[in-house]
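J.: For reference, the chains in residue letters:
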Amino acid sequence: MRWLIPLSAVPVLALLAYGFRVNPRDIPSPLVGRPAAAFSLQTFEGAPLALEAQHGRVVVLNFWASWCHPACYDEAPVLERNWRAYRGRGVVVIGVDIQDKLEAAQKFMRDFSLSFPNVQDTTGQVSVDYGVYGVPETFFIDRRGRIRAKHVGALTDEVFRVNVERLLSETTG
Amino acid sequence: MRTRASVLGLALVVVAAGAAAETRRVAEQQVQDVAAQLRCVVCQNLSVADSPSETATQMRTIVRERLEAGETPEQVTRYFVDRYGEWILLSPPRHGFNLLVWAAPAAAVVAGFTLVGLLLARWTRRRASAGPVVPSGVDAAMRERIRRETEMEP
Amino acid sequence: MIPELGGAAAIVALALALWGAVVSAIGARTGRPALVLSAQHAALGVFVLVTACFALLTYAFLTFDFSVRYVAINTNLGTPFYYRITGVWGALEGSIILWTWMLALYTLIVILRHRESAHEFYPWVLTVMLSVMAFFLLVITVAAPPFARLAPVPADGRGLNPLLEDTGMITHPIALYLGFTGVTVPFAFALAALITGRVGDAWITLTRRWAIIAWYFLSLGLLIGGWWSYHVLGWGGYWAWDPVENAAFMPWLTATAFLHSVMVQERRRMLKLWNISLVIITFGLTLFGTFLTRSGVIASVHAFTQGAIGAFFLSFLALVLLTALGLLAWRWDALGAQGELDSVVSRESAFLLNNVLLVAAAFTVFFGTVFPLLSEAVRGVKMSVGAPFFNQVNVPLFLALIFLMGVGPLIAWRRASPDNLLRSFLWPVVAGGAAAALFSALGVRSALAVLALALTVFVAATIAVDFSRATRARLRMGERLLPAMGGLLRRHNRRYGGFIVHLGILIVTLGVTGSQAWSVQIETTLRRGEAAELAGYRVRFDGLTATEESNHFKVAGAFTVSNGRVIGILRPAKKFYPQEQSPIAGVDYRLGLGEDVYLVLGDFARDGSQATVKLQVNRLVSWIWIGGGVLTLGALLAILPDRKKPA
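Residue numbers (numbering that gives the first Met the number 0), protein chains in the order written: chain G, 0 to 172; chain C, 0 to 153; chain Z, 0 to 646.
Worth flagging that the hints you see were computed from the coordinates, not collected in a lab. Fair warning: this is a prediction, and the values are worked out from it, not measured in the lab. Keep in mind that the hints are not guaranteed to be accurate.
What the hints assert, rightly or not - Some chain C residues close to chain G (C-beta under 10 Å, calculated; not the full set):
(1) Thr54
(2) Gln57
(3) Thr60
(4) Asp81
(5) Tyr83
(6) Ile87
Beta carbons are placed, not taken as given, at the ideal position from N, Cα and C, and that holds for glycine.
Let the sequences and hints guide you as you build the complete structure.
T.: Below is the structure:
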């Protein structure tokens with residue numbers, strides 16, 4: 000009976016040990032499998048960009064900011080590289096710049112020669128619609144407009160290709 | 000005639016402005032109440048109402064807009080939960096597994112009181128069986144002093 | 000050269016600590032005082048070496064030695080002088096050195112005070128304290144070496160976390176760590192009591208002052224933390240139920256329970272098992288707190304880092320709990336309760352209830368803090384538990400505790416007669432009831448606030464009743480007023496120290512109630528020259544100024560505050576540190592007894608034409624800090640040496 004007392008500490012310690020296996024900041028998104036929220040903004044060049052207009056294409060939606068060191072800086076070349084490789088195959092990369100100053104964002108895009116369309120989410124509405132809680136975050140949206148995967152942190156070539164190839168191989172309808 | 004119309008018009012405008020100001024002011028407290036239930040996603044452990052961060056400010060604006068558009072507080076919180084998951088609520092919703100955390104304090108208090116009750120019952124029973132201690136031949140002054148000392152000692 | 004010396008000092012200290020711990024235990028078992036003496040010298044050596052470590056690290060900070068990684072991360076060329084000193088404990092590695100140094104200091108004082116007076120316990124106390132120090136030294140040498148080198152040596156460092164550039168940085172960790180490490184002493188004595196089998200009152204009497212000192216520093220650390228949060232973090236609050244705040248609050252709750260339950264054991268020889276368990280739990284909670292802060296297992300504002308160090312702390316926590324509770328189970332029979340009570344209505348009951356409520360509150364906070372982990376383990380769903388939950392469940396417990404604070408000191412031991420109850424509580428109950436009626440009539444809408452205020456008045460009245468009764472008794476015996484009061488305080492310094500501490504808690508309660516119930520705020524965007532109004536204050540935005548500080552760029556707004564007449568100009572700012580991703584909010588405030596005016600600068604237009612500002616009028620917050628001061632006086636009075644005069 001008395002030995003229950005030291006033994007009672009064991010479940011608590013086990014629970015705390017379990018804590019090492021999980022990252023409290025790694026939160027799964029409830030949006031995976033659901034339709035991507037629509038938005039309609041202007042690109043930095045002034046052209047209108049609406050998500051619905053991309054229907055039928057695979058969309059890689061990337062949230063970034065110029066103050067996001069070093070992850071956004073690491074993934075920018077990855078995005079540009081893969082955009083150029085896949086744009087002819089019905090894939091569009093869209094960048095959403097959040098909580099940023101115009102000049103800093105433009106400098107970022109210049110520095111990395113980003114040629115894919117980028118919009119600025121000035122009100123934060125798009126960020127909230129996608130449940131964004133940090134940058135960078137990337138959403139992979141299929142041809143029917145459903146979010147199929149979310150990647151938190153800097154994107155790699157591997158992650159890009161695996162997800163895009165999978166969505167490209169699906170036939171619509 | 001025209002002056003009266005314009006005075007009336009002015010009065011109407013003032014009343015309308017007052018009414019609009021009234022709805023806006025009511026919504027501000029509501030905005031705070033709803034925002035206080037939401038976790039600021041970039042700050043770690045502050046509510047959207049409290050956080051000075053830009054994300055939280057943008058989220059407060061969205062809350063305000065949705066409330067002004069006529070949504071109920073529950074609808075607004077549901078909107079955020081749908082996009083972020085349940086963890087964006089600072090207080091676990093009271094159903095299912097989460098009832099455990101709400102019940103824990105009550106359970107602890109009840110368990111504690113029960114334990115104390117049993118303990119006290121055992122102690123008073125033992126005392127009663129040991130027989131009363133009656134100080135005999137103790138006069139009033141002594142009793143007064145005993146009482147004062149018993150109460151005073153830490 | 001210097002860093003290598005520091006690293007070597009730590010290793011030697013670790014060896015000495017291990018040596019001392021083992022040798023002291025052997026000396027106690029085999030009855031050889033020479034071994035215990037050797038352990039004593041080892042402890043002294045540890046103190047000297049850890050002091051040297053500390054000094055060497057500080058030297059590295061002061062000389063901008065960026066070849067040391069810890070220095071490079073936590074300062075840069077622009078860091079002001081005083082923050083280069085206090086920054087030594089600003090992050091993980093340095094904070095562990097601070098902790099270890101305090102342990103060594105406490106061990107030294109224990110040696111000086113107890114080597115003669117506590118013969119049987121002393122060697123085991125040494126063993127325990129040296130073992131704990133050995134663990135922390137192990138962390139310093141293996142898991143978080145503060146003197147690790149950085150190559151290539153950077154030209155400039157990263158810089159101190161800007162939130163730590165504040166007077167709170169100097170005082171909060173010191174006070175809090177003195178509290179955490181101070182708990183080690185009663186714990187060591189409790190283990191010594193279990194090992195030697197002397198589980199009676201001796202160890203309690205010996206550790207009474209230690210417990211009060213540790214408890215006091217925990218209280219102080221919590222209050223300073225609240226002050227720091229209030230005037231630095233830019234949200235206008237002082238307590239957010241952050242997991243790391245909770246980690247400091249839980250041992251405070253159980254330490255408070257312990258302070259009260261030991262009085263029952265001293266007086267009535269009851270609750271032996273409970274008291275030892277409480278001390279073990281309190282020490283375990285301090286380790287849990289340090290584990291939480293450093294392991295990153297639960298996301299928090301404070302969490303220093305992630306990595307292997309968490310595993311170190313968890314392993315040590317496991318070792319401590321299993322060993323201590325195992326010893327407890329071993330000595331189970333000796334800890335049997337022989338309690339006797341005449342009546343349920345007695346001080347013993349009040350103290351028991353006090354303990355139940357405090358431990359229940361600690362359990363609640365604990366459960367809420369680890370619930371996100373539990374939810375993920377069981378359901379795979381991440382939940383979060385924040386301020387709304389903790390406030391809701393804890394407020395009833397705390398209100399009940401305040402009520403008991405009034406009942407406990409006045410109700411009689413063993414059995415409270417109806418006469419005793421009437422004499423002690425009639426006036427306070429009437430006063431409390433009158434206060435409730437008064438505040439309701441004055442328009443206080445929150446029922447909780449009325450209850451809190453009424454209970455505060457009730458408890459204050461009980462203190463007044465007791466003090467006036469005792470003073471009158473002395474006056475009747477011929478003493479004059481002031482000597483009577485002073486004599487009371489001195490002769491019964493434990494009791495009246497306790498009363499003053501209770502008074503301090505009441506004042507804090509007042510501050511918390513006021514700030515929660517009656518603070519108001521608005522957030523608004525103002526153009527230059529425009530003003531916002533709140534609670535009788537008018538705040539006019541006058542413009543922005545940008546300045547280049549030594550290690551950051553600051554944009555400050557100038558706001559003229561008036562309430563009829565101009566009170567002053569507040570300058571909340573946004574500070575841009577090169578090493579930080581987002582700007583740090585700098586708040587400005589005007590403190591007052593009744594209310595504080597508090598401004599936080601939000602977004603602003605580059606040209607200074609407009610700015611968003613959050614304006615708060617926080618009521619009664621200053622009373623929280625005043626309560627802390629009163630608490631300090633009470634604690635000081637309580638630890639004075641006993642003065643036994645012939646009755």
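J.: Now look at each hint and say whether the structure bears it out.
T.: Each hint, compared with the structure:
1. Thr54: Hint holds; C/Thr54 Cβ to chain G Cβ min 7 Å, cut 10 Å.
2. Gln57: Holds - the Cβ of C/Gln57 comes within 10 Å of chain G, reaching about 3 Å at its closest.
3. Thr60: 7 Å, holds
4. Asp81: Interface hint status for C/Asp81: holds (7 Å vs cutoff 10 Å).
5. Tyr83: 4 Å, holds
6. Ile87: Since chain G brings a Cβ to about 8 Å from C/Ile87, closer than 10 Å, the hint holds.
Every hint from the earlier list agrees with this structure, and none is contradicted.
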